[in-house]
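If you read the protein sequences in the order shown, they are chains W and H.
The C-terminal residue of the first sequence carries number 457 in full-length UniProt numbering, and the numbering is unbroken.
The C-terminal residue of the second sequence carries number 332 in full-length UniProt numbering, and the numbering is unbroken.
Keep in mind that the hints are not guaranteed to be accurate.
Unchecked claim - Straight-line distance between alpha carbons at most 20 Å, and here's what the computed SDA-like set of lysine to any residue pairs gives:
no. : chain 1 : residue 1 : chain 2 : residue 2
1   : W       : K34       : H       : R110
2   : W       : K75       : H       : Q275
3   : W       : K308      : H       : M178
4   : W       : K246      : H       : K108
5   : H       : K115      : W       : K246
6   : W       : K308      : H       : K115
7   : W       : K56       : H       : R110
8   : W       : K106      : H       : A182
9   : W       : K56       : H       : E76
10  : W       : K246      : H       : N72
11  : W       : K335      : W       : P147
12  : H       : K97       : W       : G57
13  : W       : K75       : H       : V180
14  : W       : K34       : H       : K108
15  : W       : K106      : H       : Y105
16  : W       : K56       : H       : A86
17  : W       : K34       : H       : Y105
18  : H       : K108      : W       : T67
19  : W       : K246      : H       : K59
20  : W       : K38       : H       : N72
21  : H       : K108      : W       : Y31
22  : W       : K308      : H       : M99
23  : W       : K75       : H       : A86
24  : W       : K75       : H       : L170
Claimed, not checked - Label-pair ranges, simulated between beta-carbon atoms:
no. : chain 1 : residue 1 : chain 2 : residue 2 : range
25  : W       : K452      : H       : I160      : 55 to 61 Å
26  : H       : V123      : W       : D379      : 38 to 44 Å
27  : H       : Y88       : W       : E404      : 27 to 33 Å
28  : W       : K133      : H       : L183      : 32 to 38 Å
29  : W       : K276      : H       : Y88       : 24 to 30 Å
30  : H       : D92       : W       : E404      : 25 to 31 Å
Think of the hints as simulated: they come from the structure by calculation, not from any bench.
Glycine residues also receive a C-beta, built at the ideal position from the N, C-alpha and C atoms.
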Amino acid sequence: MKKWLKPFKYAAIAACVSLGATAVQAEKLGYPEKEELKFGFIKLTDMAPIAIAYEKGYFEEEGLYVTIEAQANWKVLLNGVIDGSLDGAHMLAGQPIAATMGFGTKADIITPFSMDLNGNGITVSNEIWEQMKPHIPKMADGRPVHPIKADALKPVVEKYKSDGKPFNMGMVFPVSTHNYELRYWLAAGGIHPGYYAPHKGDISGQIDADALLSVTPPPQMPATLEAGTIYGYCVGEPWNQQAVFKGIGVPVVTDYEIWKDNPEKVFGITKQFAEKYPNTTIRLTRALIRAAKWLDENNNANRPAAVKILSQPNYVGADYDVIANSMTGTFEYEKGDKRDVPDFNVFFRHNATYPYYSDAIWYLTQMRRWGQISEDKSDDWYKDMAKKVYRPDIYEKAAQSLIEEGLMVSKDFPDFSTEDGYRDPQTHFIDNIVYDGTKPNEYINKFSIGLKQGQKL
Amino acid sequence: MSSTTSLVKKLEEQFELPNVAQEFIKKSVQYVGIPMIGILVFLFLWSIAAQNIDTSLGKFPGPSVVMEQFGNLYEEHQASREKEAAFYERQDERNAKRMEADPNYVPKVRAYTGKETFLDQIVTSLITVMSGFLLAAVIAIPLGIAIGLNKTLNTAVNPIIQIFKPVSPLAWLPLVTMVVSALYVTPDPTVPKSFLNSMITVTLCCLWPMVINTSVGVASIDSDLVNVSRVLRLPALKHVQKIVLPASIPMIFTGMRLSLGIAWMVLIAAEMLAQNPGLGKFVWDEFQNGSSDSLGRIMAAVIVIGFIGFLLDRCMLQIQRFVSWDKASAAR
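Generate coordinates for the entire structure from the input sequences, incorporating the hints supplied.
The following block contains the structure:
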């Protein structure tokens, strides 16, 4: 062979190899084993990736025929996934973890896909807001300074306590993000949200509590606040903006301000499902990744179209304006006080869809902090538990095949060759405490309110 | 006084209104005119009241808003049908493509995955209520005849009937749901679990009026008829067939009409509570949506629910008129 031909030869070999590799990869991703699927969701804007994957035909392109069905509450939804009447669902990040751990119902549920970052808020009734207002510093134009800390709520709660009245607040599920966010915010302001003691049979979570937290399904939150059963709540959108529109309450803080870019919902399936139908699992993950990308594409250019889809009665169903308020980069606090929160809902940027172990571990630390995990655990235990539930391996397979087919580019994703599943230490908390996912016990010990290493109720 | 009567007579003679036409006018006023006035007064009061009720979701829907929502619901139904057609088209294409790539593949047609429309929900509810009701009738009528004929059996069963009769569907539903989930386990179910749950709950609630009415009807047969049967020495089965059933038909049908009314009410409640497909789920979904259209759409559903309940009752009445010898019992 002539010398000048050599580069061509190598190029040809390389081309053959890479072609071969693609062929092998493509062959690996076979047809879905189960094509007719039923997914559950709760009426919240962060179910958007599922609705978009359906409406944009991403599921169908994977050969999946998906029916999407709203569920009454988080408990019904979880039971549906466990008993197989649902194949998968939009879930609270804490649900697969708690189920695997056996807190509540025991079942092996995994997640290959994290659905979004941020997206929740804490709302108080008008009456409570009036009582909080004198304790909140104001800007030059008279509007309150954000973020509002629970310090402003503390005197109100104390007054209720000294009057002998319980201070009731709502969250959506015992292992919900909302429960931990509300607790985090309250505790950061010196209000004790109460401990759980499952080993003593106490799962009400009100031991030593200043504020009594109870469960209400998300869409019922505004009605429950209106009825006066609770004085405030933590819930996902659009149920905070709904309170503003209905004029019954004031959102005081978003979760973005409690912890910037906190992980929110996940897509949960049973471990058995993933093992029995590996192709289906990868394919549904691919569809969801594409939907998430569409939602964030071109600097949120698709958001108005997404809001239109979500406002259909079979999805979230609230009015367009209510959903758009938080989905298009703004958030309305007190009526008329609309502020920019461009990252209020993140579906794809900042690797929002990648299931980081450190996200799972944060939830575990909060479960330990509030006594849902009653025994002391080692750092390794936290890591093992996260590995059981969060499955970046499935995500990676889905992502790689999307890159190979040219539907995505590798810079859309974390660098899989170096990614270890742990985010860098997080510094964006409302109380300035730093979270390092590799050292869960050290993290737990940093809080002034909450169980620490070695403590047991 | 007498002059006015004579005037009327004179007028009648002059215009010579035939008796038939007179009768027709009288009837149409009675059966169409008066109900129309009733409905108009109701619509008027409704729209006045609606304008004065402010909810946190906007004003309470008046008649015009509800009419508009009926239009919307129908349009949504049409749009959904178009989507369905497109869905099947895409599926065919996809199947064809796969057949090309993989000749061994046997194409499968999957059902449309879209959401049920309002009209679909009505059909679902109707099927569920009829199945539940028929199942109840199949159990209740023989049981009622048996305890009507046999006093001892009646004394034994009566306490159980009396205790179960007042139980609300909301109490049965959790039990039914759990039992169905435990017993009905098939990988590819022919009927969905949710349908069974609703249906069995309906059956459990509408069983009792039928049992009681049938047994009372059977027990209170004219003693002359029973004596005739004795004299003819009819065998037991013939006795039931020739004497008992015809004699107690009016009472059995009264029970069935009561039951069907209960069945319809129970079904809507069960669907709302368990989120089983049907009109009840439609109402609950709309309530959860909290959109500014929600109340109008719920009101539209309420009217449809009432109207269907009314139609079901009329149907039973017609059947009763057709089969019963005692026309007086089917008067209202």
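Status of the hints after comparison with the structure:
no. : hint                         : result
1   : K34/W to R110/H              : holds, 12 Å
2   : K75/W to Q275/H              : holds, 13 Å
3   : K308/W to M178/H             : violated, 38 Å
4   : K246/W to K108/H             : violated, 48 Å
5   : K115/H to K246/W             : violated, 28 Å
6   : K308/W to K115/H             : holds, 16 Å
7   : K56/W to R110/H              : holds, 18 Å
8   : K106/W to A182/H             : holds, 18 Å
9   : K56/W to E76/H               : holds, 19 Å
10  : K246/W to N72/H              : violated, 24 Å
11  : K335/W to P147/W             : holds, 17 Å
12  : K97/H to G57/W               : holds, 16 Å
13  : K75/W to V180/H              : holds, 19 Å
14  : K34/W to K108/H              : holds, 12 Å
15  : K106/W to Y105/H             : violated, 39 Å
16  : K56/W to A86/H               : holds, 13 Å
17  : K34/W to Y105/H              : holds, 14 Å
18  : K108/H to T67/W              : holds, 17 Å
19  : K246/W to K59/H              : holds, 12 Å
20  : K38/W to N72/H               : violated, 27 Å
21  : K108/H to Y31/W              : holds, 14 Å
22  : K308/W to M99/H              : violated, 36 Å
23  : K75/W to A86/H               : violated, 35 Å
24  : K75/W to L170/H              : holds, 18 Å
25  : K452/W to I160/H: 55 to 61 Å : holds, 58 Å
26  : V123/H to D379/W: 38 to 44 Å : violated, 58 Å
27  : Y88/H to E404/W: 27 to 33 Å  : holds, 31 Å
28  : K133/W to L183/H: 32 to 38 Å : violated, 58 Å
29  : K276/W to Y88/H: 24 to 30 Å  : holds, 28 Å
30  : D92/H to E404/W: 25 to 31 Å  : holds, 28 Å
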